[in-house]
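Join the two chains into one complex using the hints; note that each chain is given alone, in its own frame.
Top line first, the protein sequences correspond to chains B and F. The letter at position 31 of the first sequence is residue 31 when you use the numbering used here, and the numbering goes up by one with no holes. The letter at position 162 of the second sequence is residue 1162 when you use the numbering used here, and the numbering goes up by one with no holes.
Don't take every hint at face value.
[Said to hold, decoys possible] Below, a list of computed lysine-lysine pairs in the BS3-like style, where the Cα atoms sit at most 30 Å apart:
id, chain 1, residue 1, chain 2, residue 2
1, F, 1004, B, 147
2, B, 68, F, 1067
3, B, 122, F, 1004
4, B, 92, F, 1004
5, B, 92, B, 127
6, B, 44, F, 1067
7, F, 1064, B, 44
8, F, 1073, B, 92
To be clear, the hints were calculated from the coordinates, so they are not data collected in a lab.
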Amino acid sequence: MTTERVVDDNVLLEGLRRGAPEAVESLFDRYHNRIFGLAMSILKNESDAEEAVQDVFLTVVRKANTFKGNSALYSWMYRICVNACLMRLRGKRRSETVSIEEFMPVFTEEGMHASLIDDWSKEVERKALEKELGQVIQRFTEDLSEKYRVVFVLSDVEGLSNEETAHILGLTVPAVKSRLHRARLYLRERLSGYLQEGKTGPQ
Amino acid sequence: MNCKELVYMLEDYIDGTMEEQLRRELSVHIEACEPCLNFLRTYEKTRILCRHIRPDEIPDELRKRLKTFVMEKVRERQRNIEKYLGEEARERLRQVEALLRAYAVNRLPPVVAALFQAHNDRCERCGAFLRSINGGKGPVEITGIPPDVEEHIVEFLDALPPGEATNLT
Ligand SMILES: [Zn+2]
Chain B
1 MTTERVVDDN VLLEGLRRGA PEAVESLFDR YHNRIFGLAM SILKNESDAE EAVQDVFLTV
61 VRKANTFKGN SALYSWMYRI CVNACLMRLR GKRRSETVSI EEFMPVFTEE GMHASLIDDW
121 SKEVERKALE KELGQVIQRF TEDLSEKYRV VFVLSDVEGL SNEETAHILG LTVPAVKSRL
181 HRARLYLRER LSGYLQEGKT GPQ
Chain F
1001 MNCKELVYML EDYIDGTMEE QLRRELSVHI EACEPCLNFL RTYEKTRILC RHIRPDEIPD
1061 ELRKRLKTFV MEKVRERQRN IEKYLGEEAR ERLRQVEALL RAYAVNRLPP VVAALFQAHN
1121 DRCERCGAFL RSINGGKGPV EITGIPPDVE EHIVEFLDAL PPGEATNLT
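So here's chain F without its partners, still in its complex pose (with noise of 0.2 Å):
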């Protein structure tokens, strides 16, 4: 092995993954070779002097600066969220509405009418809710829907073939 190889092997014999037999010929070489002895503990004294330069702190107010605006934005995506989840949930209990009423006034079309009967028929909390607001016999207003029944009829209406649901509204 010559000089030239062993600077190009260096990072391997100082991480260790270098193999046995080649670490035995560069400890060869090092023995005899003042220069490479001198480069080698050159190079492993700058890796360490690295690992102590510590970046820059942060200044204060450039940390209260950062700190600020993540926040702020985060809020303002926070309440964009809730705005838009609390459409959503609007939007819902509007579809629901138009079912409940349509139901009261037996104008639900024939599959839909079909399917929620059959839910009602076996849901006791849903069917007593229904029984409650005069089931088929006239137009009611819906209001007061009891939480769990409000559930129960949005997952009956995403469970509908495409189109059904929205030909309700």
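Just chain B, with the same shape it has in the complex (with noise of 0.2 Å):
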């Protein structure tokens, strides 16, 4: 965030404090795309994320009052979009979410890599499968259960810093790090599997 940004922010709360609609309409501007990626990249369904952003600008602008800016505009917002993507979570019976420990790395008794590891760092470089990949993440992510895929979805999407992403869900930041570490951990292996299978499948 610039210097420049947080001066703004700073106007636009004063005018959301005194119920301006302009300051409204500058919020909504400002913010619906991030919210509303974020509101996707949670709860994988557009109608369910319309209601999260409704719930989110509403609220905002119901307790502008009492926000006092120990932090800044955006992070309060993500916090308030988390929550409610949680609640629309909450109520929902889930369709089937793969265990992520199925997709943790094994060892040997020894400690060793017990499964062949390849590099394919260099392989994926061409900017034509960089978007492909890009889906193919999205879809695996689906399968992430809301623990790991809120904090993944805040720092390594949103790209937020650990600190951040540990103050708008309140967790300490050395959770926030073993979820990341996880969900990273699960979706390399996957993203292995996906790249094994291009070359050894059907062409």
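Shown next as structure tokens:
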């Protein structure tokens, strides 16, 4: 976040505290893409995401008066958004979630890699593949339980620092790091499988 | 250090929070262990690929619908607040008028009368206005209270002990 943006946000907040509709409009224009993106990443469903975004903006308008400004506005909004999404997920029967354990690396008793580890990092550097892999990763994250998915989305997709993610989720930094690490181990393993399939499967 | 330990510490290694001694041990292991080197490279690559996925753009129609919804709710809320503030203002004016009417016919409770007199002796604006409404010499129509006088009287009412102000109305 640039300083300019922070200053802008403060002006915006003042307007929100007065309940000025123009301030709400600016807030919407400035943040709706990010908030919708975040809600989609967590909820993976457009109509659920729509409701979550509604909740976020109405909550911000209602609570602007009591928002102390200890954290940045966007960070506060992320927090509200994550909560709105988790509320929506709670009541839902989730489709079969893959156990993350199945995709953790395996080791021999001596602590050596028990499976073949290929280096595919150079192979995926082509631009065309990057887009495809983005979609593949999106699909794999759908199988992650929300415990891992939310941390992963905030840190690796939204690019927030571990401290910010911890603050937004009310977790400790070590807890964030550990979940993130497991989410990445899971994705690395699934990507390996995907790329392996591409090589050996029908052309 | 073995491969298993290395994998579990990879996060610290990559984000740079790993202690120097461990870092050296890890580097030594990686140099001698191809699977771990491959693991490190693909782990790091996974992280980079994730940074490049952007969530779907919001469809235009949905954007419009959302904005309309949010703005409609906000305007509705604003109208309610204004209505509430308007009612509050009218209620305050009623109280001010009640005090002035009671003053005009000498019906103020003694304590309130004394406090009110004290203010009016000190405050030129309120004093002048009260003389203009025929202070204490009979019932009058209370109209055209100057805003600053109304404000002073509201302050005066707010400072009264609980119950005294409501007794007037
Ligand atoms: Zn190794």
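Now the hints, each set against the structure:
1. F:1004 with B:147: holds (24 Å)
2. B:68 with F:1067: Roughly 26 Å separates the two Cα atoms, so the pair holds.
3. B:122 with F:1004: holds (24 Å)
4. B:92 with F:1004: violated (37 Å)
5. B:92 with B:127: Between residue 92 of chain B and residue 127 of chain B the Cα gap is close to 37 Å, so the pair fails against 30 Å, i.e. violated.
6. B:44 with F:1067: Holds: residue 44 of chain B and residue 1067 of chain F sit about 21 Å apart, inside 30 Å.
7. F:1064 with B:44: Within the cut-off at roughly 20 Å; holds.
8. F:1073 with B:92: holds (27 Å)
This entry does not satisfy hints 4, 5, going by the numbered hints stated previously.
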